[in-house]
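Engineer: Here is what each chain is made of, one letter per residue.
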Amino acid sequence: MSIRIVNATLPSGESADFTIDHGVFTDDTSADRTIDASGLQALPGLVDLHTHLREPGFEQSETVLSGTRAAAMGGFTAVFAMANTMPVQDTAGVVEQVQSLGNDHGYATVRPIGAVTEGLGGTTLSEIGAMANSRAGVRVFSDDGKCVHNALLMRRALEYVKTFDGVVAQHAQEPTLTVDAQMNEGAVSSELGLAGWPAVAEESIIARDVLLAEHVGARLHICHLSTAGSVDVIRWAKARGIAVTAEVTPHHLLLTDELVRGYDARFKVNPPLRRDEDVLALRAALADGTIDIVATDHAPHPPEAKECSWAEAAFGMVGLESALNVVQEAVVDSGQLSWADVARVLSQKPAEIGRLDGYATPFALGSAANLVLIDPSARSTFSTASLRGKGTNSPYLGRELPGRVMTTIHNGYETVRDGEVVDAAEVADNARCAATEANNV
Amino acid sequence: MRHLLTTQGLPRDEAIAILDVAEDMAAVGEREVKKLPTLRGKTVINLFFEDSTRTRISFEAAAKRLSADVINFAAKGSSVSKGENLKDTAQTLAAMGADAVVVRHWASGAPKTLADSGWIDAGIVNAGDGTHEHPTQALLDAFTIRRRLHGSASRGRDLDGVSVTIVGDIVHSRVARSNVWLLTTLGAKVTLVAPATLLPVNLSGWPVDVSFDLDHAIAQGPDVIMMLRVQGERMAAAFFPNAREYSKQWGLNDERMRALPASSMVMHPGPMNRGLEISAAAADSPQSTVLDQVRNGVSVRMSVLYHLLSGAVER
Numbered sequence: 023m024s025i026r027i028v029n030a031t032l033p034s035g036e037s038a039d040f041t042i043d044h045g046v047f048t049d050d051t052s053a054d055r056t057i058d059a060s061g062l063q064a065l066p067g068l069v070d071l072h073t074h075l076r077e078p079g080f081e082q083s084e085t086v087l088s089g090t091r092a093a094a095m096g097g098f099t100a101v102f103a104m105a106n107t108m109p110v111q112d113t114a115g116v117v118e119q120v121q122s123l124g125n126d127h128g129y130a131t132v133r134p135i136g137a138v139t140e141g142l143g144g145t146t147l148s149e150i151g152a153m154a155n156s157r158a159g160v161r162v163f164s165d166d167g168k169c170v171h172n173a174l175l176m177r178r179a180l181e182y183v184k185t186f187d188g189v190v191a192q193h194a195q196e197p198t199l200t201v202d203a204q205m206n207e208g209a210v211s212s213e214l215g216l217a218g219w220p221a222v223a224e225e226s227i228i229a230r231d232v233l234l235a236e237h238v239g240a241r242l243h244i245c246h247l248s249t250a251g252s253v254d255v256i257r258w259a260k261a262r263g264i265a266v267t268a269e270v271t272p273h274h275l276l277l278t279d280e281l282v283r284g285y286d287a288r289f290k291v292n293p294p295l296r297r298d299e300d301v302l303a304l305r306a307a308l309a310d311g312t313i314d315i316v317a318t319d320h321a322p323h324p325p326e327a328k329e330c331s332w333a334e335a336a337f338g339m340v341g342l343e344s345a346l347n348v349v350q351e352a353v354v355d356s357g358q359l360s361w362a363d364v365a366r367v368l369s370q371k372p373a374e375i376g377r378l379d380g381y382a383t384p385f386a387l388g389s390a391a392n393l394v395l396i397d398p399s400a401r402s403t404f405s406t407a408s409l410r411g412k413g414t415n416s417p418y419l420g421r422e423l424p425g426r427v428m429t430t431i432h433n434g435y436e437t438v439r440d441g442e443v444v445d446a447a448e449v450a451d452n453a454r455c456a457a458t459e460a461n462n463v
Numbered sequence: 018m019r020h021l022l023t024t025q026g027l028p029r030d031e032a033i034a035i036l037d038v039a040e041d042m043a044a045v046g047e048r049e050v051k052k053l054p055t056l057r058g059k060t061v062i063n064l065f066f067e068d069s070t071r072t073r074i075s076f077e078a079a080a081k082r083l084s085a086d087v088i089n090f091a092a093k094g095s096s097v098s099k100g101e102n103l104k105d106t107a108q109t110l111a112a113m114g115a116d117a118v119v120v121r122h123w124a125s126g127a128p129k130t131l132a133d134s135g136w137i138d139a140g141i142v143n144a145g146d147g148t149h150e151h152p153t154q155a156l157l158d159a160f161t162i163r164r165r166l167h168g169s170a171s172r173g174r175d176l177d178g179v180s181v182t183i184v185g186d187i188v189h190s191r192v193a194r195s196n197v198w199l200l201t202t203l204g205a206k207v208t209l210v211a212p213a214t215l216l217p218v219n220l221s222g223w224p225v226d227v228s229f230d231l232d233h234a235i236a237q238g239p240d241v242i243m244m245l246r247v248q249g250e251r252m253a254a255a256f257f258p259n260a261r262e263y264s265k266q267w268g269l270n271d272e273r274m275r276a277l278p279a280s281s282m283v284m285h286p287g288p289m290n291r292g293l294e295i296s297a298a299a300a301d302s303p304q305s306t307v308l309d310q311v312r313n314g315v316s317v318r319m320s321v322l323y324h325l326l327s328g329a330v331e332r
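Residue numbers (our numbering), protein chains in the order written: chain A, 23 to 463; chain B, 18 to 332.
For the record, the hints were derived by calculation from the structure and aren't laboratory data.
Every residue gets a Cβ at the ideal spot worked out from N, C-alpha and C, and that includes glycine.
Treat each hint with caution, since some may be false.
What the hints assert, rightly or not - Negatives, chain B to chain A, calculated, CB over 12 Å:
| no. | residue |
| --- | --- |
| 1 | Val50 |
| 2 | Ala112 |
| 3 | His122 |
| 4 | Lys129 |
| 5 | Gly147 |
| 6 | Glu150 |
| 7 | Ala193 |
| 8 | Leu216 |
| 9 | Pro217 |
| 10 | Arg246 |
| 11 | Phe257 |
| 12 | Arg273 |
| 13 | Leu277 |
| 14 | Pro278 |
| 15 | Ser327 |
Claimed, not checked - Selected chain A positions facing chain B (in silico; Cβ < 10 Å):
| no. | residue |
| --- | --- |
| 16 | Glu213 |
| 17 | Gly215 |
| 18 | Leu275 |
| 19 | Thr278 |
| 20 | Leu281 |
| 21 | Cys330 |
| 22 | Ala382 |
| 23 | Gly441 |
| 24 | Asp445 |
Stated by the list, open to error - Pair by pair, the computed Cβ-Cβ distance ranges are:
| no. | chain 1 | residue 1 | chain 2 | residue 2 | range |
| --- | --- | --- | --- | --- | --- |
| 25 | B | Arg261 | A | Pro197 | 28 to 34 Å |
| 26 | A | Val222 | B | Thr109 | 31 to 37 Å |
| 27 | B | Gly26 | A | Asn172 | 44 to 50 Å |
| 28 | A | Glu280 | B | Ile88 | 35 to 41 Å |
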């Protein structure tokens, strides 16, 4: 089915009509169906470099199906699935399974991330080559949730991953400085009597790793940067020409550790919510390009993992459905980022870091039809009804946020239509057709 | 008062009202029949996720002297350990008709989580949560100081101008946090003394003076010196080198005891490590209020339960 979209506003600000057929942008002016996008902002399909889909092993929290439905609802057409599944994504078999589940469901392209070390154990390299050369074509490797803290192992990982044009995505957390850590270490933790997670535990690992990356000439990506000091280190490294990229989560752009005062475990996340100064530094760094991308760190948990005392609760927040709203609230409405910048930090650049094809020239004739139409003038109260994944551990419940995703198109077919996720059977059908056509070309 | 979770933000007048009623309760403790019918028919549950016999029996005595029914629920151990169980336990107690739940928990904020959760309707009293707060300990400390200073003329008075020096493991101490907020609300001037490792990393929001030097603090002649318990496991975690060095630098030894004004009170929340943070002579001196603190604990907890369950002071 072909779709014509009229009166859309492109990221550049120009108004445009375009047609999608057979999964790509074409110059036809007729189509089976027309979407009037008057007043809507068109963006390239969003790419999340940091998603926890939890399958296999933790299906009570999320599955590839539920997680990619959440992704579609948030305007994402591709997600990179973190390796901390059970079994861990440390072999070709597991990554291929996760990718094929994504392909079958069709809501978003699922690119598995491979574990750096076997079982995320931090001692032995996993089969990085086998994963890179598998059908899943893994290019991003991460022990996320755990830091690759052994310096020699990190050096070897950087070198070995470079061999396959991959990148190590580091969860920067010095473990000896964060034993039992519960929240940002500072004035609030001192009052609340919660064990602190000091900024230096992140900054010291980033400093070490950018120097290692420089020494071995490898690419390095830093997950969920959370402190002003980390921004300074990355800025220094980039000025020096080191091949480092960095991500920030939507929640670190909006929320601070003051929210921990009520001991509501929805605000428990790793790295923790930081101070106001950090939030402002992260926004500025995203605006000036020191931070390359926004990634969600979507981390669904079942209710019982949060309905307990703070120290007993799991770390993590769901973020796919709210990412664009939060980015709009934190940095677009304030004028720090244009929609063209949003397209860069939430689509083009994460695709480039993850070596995901089809996102380099959005909206160009012949390029893959992945896009999202949003209504930036909408405002609504975020609630569990806004969520499509299994997790309800969102820090935004009850908070008014701007923007609404009206349409998401993945590989030329709709995954969100009129603001609602399209039925799973229809999406799977369309995904099958698209795959067949791609094979016939 | 709906709950007592923290002393931070507890209004001065309300704190004084609690202390004044505790004076009345203390008078009951001196009668032959140490019992009031005030809370007859009310159920108070002592929910302890962490062992603390001293605190539990103090609350138990307080509730019984007010004729409440008391149930002790020791939730520590493998049966109640993770996650959902705080919710389940709370809902179970609610179903049993608890009017007040006295909670001791190893996790900071657990009483607040219970109070905010909607799992249970009962009034919650924080009986010590992790390294956060221990509000009834601070109230009994304030009561003890006031009584020593003003005796039978204590009612209605605050602690204006009283200097209190708190010494030791501040960072891990719920007693220190509750005392800082309460004593300063009542007008006292609080100084914290500890090595930098045992002080919270950021004290910008605390209305206190800070010193590393105990001898200097003693030379100021504080009205009250409060020694905190130091736990053995702190040495293993490199907070300080060993007991000998700690005792030498931050212990209230006999020499420092002599340097204190004879009018200074020596306080300790117990249990004491004699010879480590406090010498035997200091602990047993007439200046020591250690046993008064224990005695006053019952009166203060009676007052807290009374305020919580009789609806006398609504916030």
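Engineer: Determine for every hint whether it applies to the structure shown.
Structural biologist: Results for each hint:
1. Val50: holds (40 Å)
2. Ala112: holds (17 Å)
3. His122: violated (6 Å)
4. Lys129: violated (5 Å)
5. Gly147: Label violated. Min Cβ-Cβ 6 Å, cutoff 12 Å.
6. Glu150: violated (7 Å)
7. Ala193: It is violated; Ala193(B) is separated from chain A by about 10 Å at its closest Cβ, not greater than 12 Å.
8. Leu216: Incorrect as stated: the minimum Cβ-Cβ distance to chain A is 9 Å, not above 12 Å.
9. Pro217: violated (3 Å)
10. Arg246: holds (16 Å)
11. Phe257: holds (18 Å)
12. Arg273: holds (27 Å)
13. Leu277: Leu277(B) is indeed farther than 12 Å from all Cβ atoms of chain A, at 29 Å.
14. Pro278: holds (31 Å)
15. Ser327: holds (28 Å)
16. Glu213: holds (6 Å)
17. Gly215: At about 3 Å, which falls below the 10 Å cut-off, the nearest Cβ of chain B leaves the hint on Gly215(A) intact, so it holds.
18. Leu275: violated (23 Å)
19. Thr278: Violated - the Cβ of Thr278(A) stays beyond 10 Å from chain B, reaching only about 14 Å at its closest.
20. Leu281: violated (13 Å)
21. Cys330: Holds. Min distance 5 Å.
22. Ala382: violated (45 Å)
23. Gly441: violated (31 Å)
24. Asp445: This interface hint is violated because 34 Å lies over the 10 Å limit.
25. Arg261(B) x Pro197(A): 28 to 34 Å: Between Arg261(B) and Pro197(A), where Cβ atoms are some 31 Å apart, the hint holds.
26. Val222(A) x Thr109(B): 31 to 37 Å: About 43 Å separates the Cβ atoms of Val222(A) and Thr109(B), which means 31 to 37 Å is violated.
27. Gly26(B) x Asn172(A): 44 to 50 Å: Holds: the Cβ-Cβ distance is about 46 Å, inside 44 to 50 Å.
28. Glu280(A) x Ile88(B): 35 to 41 Å: Check passed, 37 Å falls within 35 to 41 Å.
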